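K.L.:
So the protein lines, in turn, are chains G and H. Per the numbering used here, the very first residue in the first sequence carries number 1; after that it's consecutive. Per the numbering used here, the very first residue in the second sequence carries number 267; after that it's consecutive.
FYI, nobody ran anything at the bench for these hints, they're computed from the structure. All of these numbers come straight from a predicted model, not from anything done at the bench. Be aware that one or more of the hints could be misleading.
[Claimed, not checked] Taking beta-carbon pairs under 8 Å as the criterion, some of the chain H residues facing chain G (in silico):
| # | residue |
| --- | --- |
| 1 | Met287 |
| 2 | Glu289 |
| 3 | Asn545 |
| 4 | Ala546 |
| 5 | Lys547 |
| 6 | Gly564 |
[As the list claims (entries may be wrong)] Result set (BS3-like, lysine-lysine): computed pairs, CA atoms no more than 30 Å apart in a straight line:
| # | chain 1 | residue 1 | chain 2 | residue 2 |
| --- | --- | --- | --- | --- |
| 7 | H | Lys484 | H | Lys269 |
| 8 | H | Lys589 | H | Lys269 |
| 9 | H | Lys547 | G | Lys80 |
| 10 | H | Lys547 | H | Lys333 |
| 11 | H | Lys484 | H | Lys374 |
| 12 | G | Lys144 | H | Lys484 |
[As the list claims (entries may be wrong)] Here are some chain H residues pointing at chain G (derived, C-beta under 8 Å):
| # | residue |
| --- | --- |
| 13 | Gly276 |
| 14 | Ile285 |
| 15 | Tyr286 |
| 16 | Ala288 |
| 17 | Thr290 |
| 18 | Val428 |
| 19 | Ser432 |
| 20 | Gly549 |
| 21 | Val550 |
Beta carbons are placed, not taken as given, at the ideal position from N, Cα and C, and that holds for glycine.
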Amino acid sequence: MSRIQNVFAALRQAGRKALIPFVTAGDPNPTQTVPLMHAMVKSGADLIELGVPFSDPMADGPVIQRASERALAHHVSLRKVLGMVAEFRQQDNRTPVVLMGYANPIEAMGYEQFASLAAARGVDGVLTVDHPPEECAEFVAVLKRHGIDTIFLLSPTTEPARVQRVVESASGFIYYVSLRGVTGAAHLDIADVAQKVAAIRQHTNLPVGVGFGVRDAATARAIAEIGDAVVVGSRTVQEVENSPENEVAANVGKLIAELRGAIDAK
Amino acid sequence: MGKYDFPDAGGHFGQFGGIYMAETLIPAVEELRRQYLHFRDDPEFKAEFAYELKHYVGRPSPIYHAKRLSEQFGGAQIYLKREDLNHTGAHKINNAIGQALLAKRMGKKRVIAETGAGMHGVATATVAARFGMECVVYMGAEDVQRQAPNVFRMKLLGATVVPVESGSRTLKDACNEAIRDWVTNCESTFYIFGTAAGPHPYPMMVRDFQCVIGNEAKVQMPEMIGRQPDAVIACVGGGSNAIGIFHPYIEEENVQLIGVEAGGHGIASGQHAAPLTGNAKVGVLHGNKVYLMQDEDGQIIETHSISAGLDYPGVGPEHCLLKDIHRAQYVAITDDEALDAFDALCRFEGIIPALESSHALAHALKIAPTLGKDKVLLVNLSGRGDKDMNTVARIKGITL
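Let the hints inform the model, and build the full structure from the sequences given.
P.N.:
So, in structure tokens, the structure goes:
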């Protein structure tokens, strides 16, 4: 079994939900990322989404855009991000790492080279925002050959016929985007999320993670009732942004612990 | 050459094009595709589009024989397709009207657009006023400064202009921001995309609306000279005016097609906006796979051109295909060469061209002396230069 399958199986057995924080690799600087990843795991993260910085993050709101800009100021390339994962793996061989980013850095490296490097460095899954299933059959096949899962997004506007098509390409888990709009937007409609996630479950047995708009313990708690995993993106990145450099890991750790507590509360 | 029939059902022009969009926008793009395919052949839609082009835009735009200019440069005869005479002063209005008519039929009350030089923004603000829609235009903060007169025009027309401060603060960043708006508001909002690029169906739809340029020219040239031109020359940023005049000529194999990119300070300097001429690698940005200016890590690099409308790191997918199948040839013209052509057209013909169109003209002036007087070059004069007064004055050291 893959690390992703292991984590979800163990959580399911324990009757718990996964907490998946997102941070942008190299933000606020490259030396912080690996310690930050360890701190998040220690505070209760089950899986880490590591953002690959991109010059034109079209699907992201201002918070994650700024994180990308800070990382790019340190020339954090896809290759360097893979190096960070390898460094993380020296001490943690259990926590799954999913890379999240845009297509072009991967296109530039080439699918085969990316997949073999990513597998060797210990990457478990890849979510490429602007790679819908229609355009990435070959990419999915190459990743699969290297034992890497391809995570896909589903959105409130995705029609049922398309849900079926997307889940057929997906592995690892499904990432349901609980909001219209870019990352970090407001207004989460919990009842609507519950209905949509239930509809997705008609099409797949894969775990369903829910993200976009999880900003505090209360929303995390509510989402945990619905999904198999709670994804926390902009809120985590905001904590990175607002913390002095020597307190980043501690402050993000505190946030994760608080969310963990809310998710596990009976 | 076999039958040319692109794109395929998925919006691919060979390996280029496609729908590289976030899932949140896929349903909106898919709905747009369905609606466009439905209305494109609808007689009522076609009639309304034709009516607006004739009575509101002022089409057909004439073709003008630039005799003095041709004599001055001593070679091939230069003809100009006068898109600069359209209402709002550029070819952009052709497409803006087409998309606004579609938006109306789809029940959208709000339109958004990105703009570089401001011509597409002005065209969108114009049609929004014409059809009673709310209009928001995203424009790089750098371009807001470079193109102040157009910003004022858009505001006069009732549009909200949002300066975009992220990234290089130019056209690509305006696109990013417009896409973010669309992701958030796709149910109420129609994104009037300005060039023949982006996710399917935009490259096809924008091309179709702009093909009125080439379709007219194919009728006008034989009327004027008894035959088609030897070459058709157009500037290429995203490439909508070029594909509009090229496409009807693709199967006329004796007509050479030449796209002119922004060479900036020269291809060798790296400071340009010429992905095709500069042999950029294939990449993915703004919903399509195209030749794309990027660094070795796949980050998009900042481009340079004197002309805001050509200052873009990518290019429409159909131009990428036309380059690869050698049906069109792509060259670059530097800032200085474009300025010389700008001056020449002002002085010899009394026509002030847009800096974008000056690139196409500059290439014609470059090759005309090498050709016989019986050869005919048709240049798409895609826009007029009123908007460029500040830029040109600044370069000449003049304060207005």
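K.L.:
Next step is simple, just say for each hint if it's right about the structure.
P.N.:
Now for the hints, and whether the structure bears them out:
| no. | hint | verdict |
| --- | --- | --- |
| 1 | Met287 | holds (6 Å) |
| 2 | Glu289 | holds (4 Å) |
| 3 | Asn545 | violated (15 Å) |
| 4 | Ala546 | violated (11 Å) |
| 5 | Lys547 | holds (7 Å) |
| 6 | Gly564 | holds (3 Å) |
| 7 | H/Lys484 - H/Lys269 | holds (19 Å) |
| 8 | H/Lys589 - H/Lys269 | holds (17 Å) |
| 9 | H/Lys547 - G/Lys80 | holds (21 Å) |
| 10 | H/Lys547 - H/Lys333 | violated (41 Å) |
| 11 | H/Lys484 - H/Lys374 | violated (35 Å) |
| 12 | G/Lys144 - H/Lys484 | violated (51 Å) |
| 13 | Gly276 | holds (6 Å) |
| 14 | Ile285 | holds (6 Å) |
| 15 | Tyr286 | holds (5 Å) |
| 16 | Ala288 | holds (4 Å) |
| 17 | Thr290 | holds (4 Å) |
| 18 | Val428 | violated (13 Å) |
| 19 | Ser432 | holds (6 Å) |
| 20 | Gly549 | holds (5 Å) |
| 21 | Val550 | holds (4 Å) |
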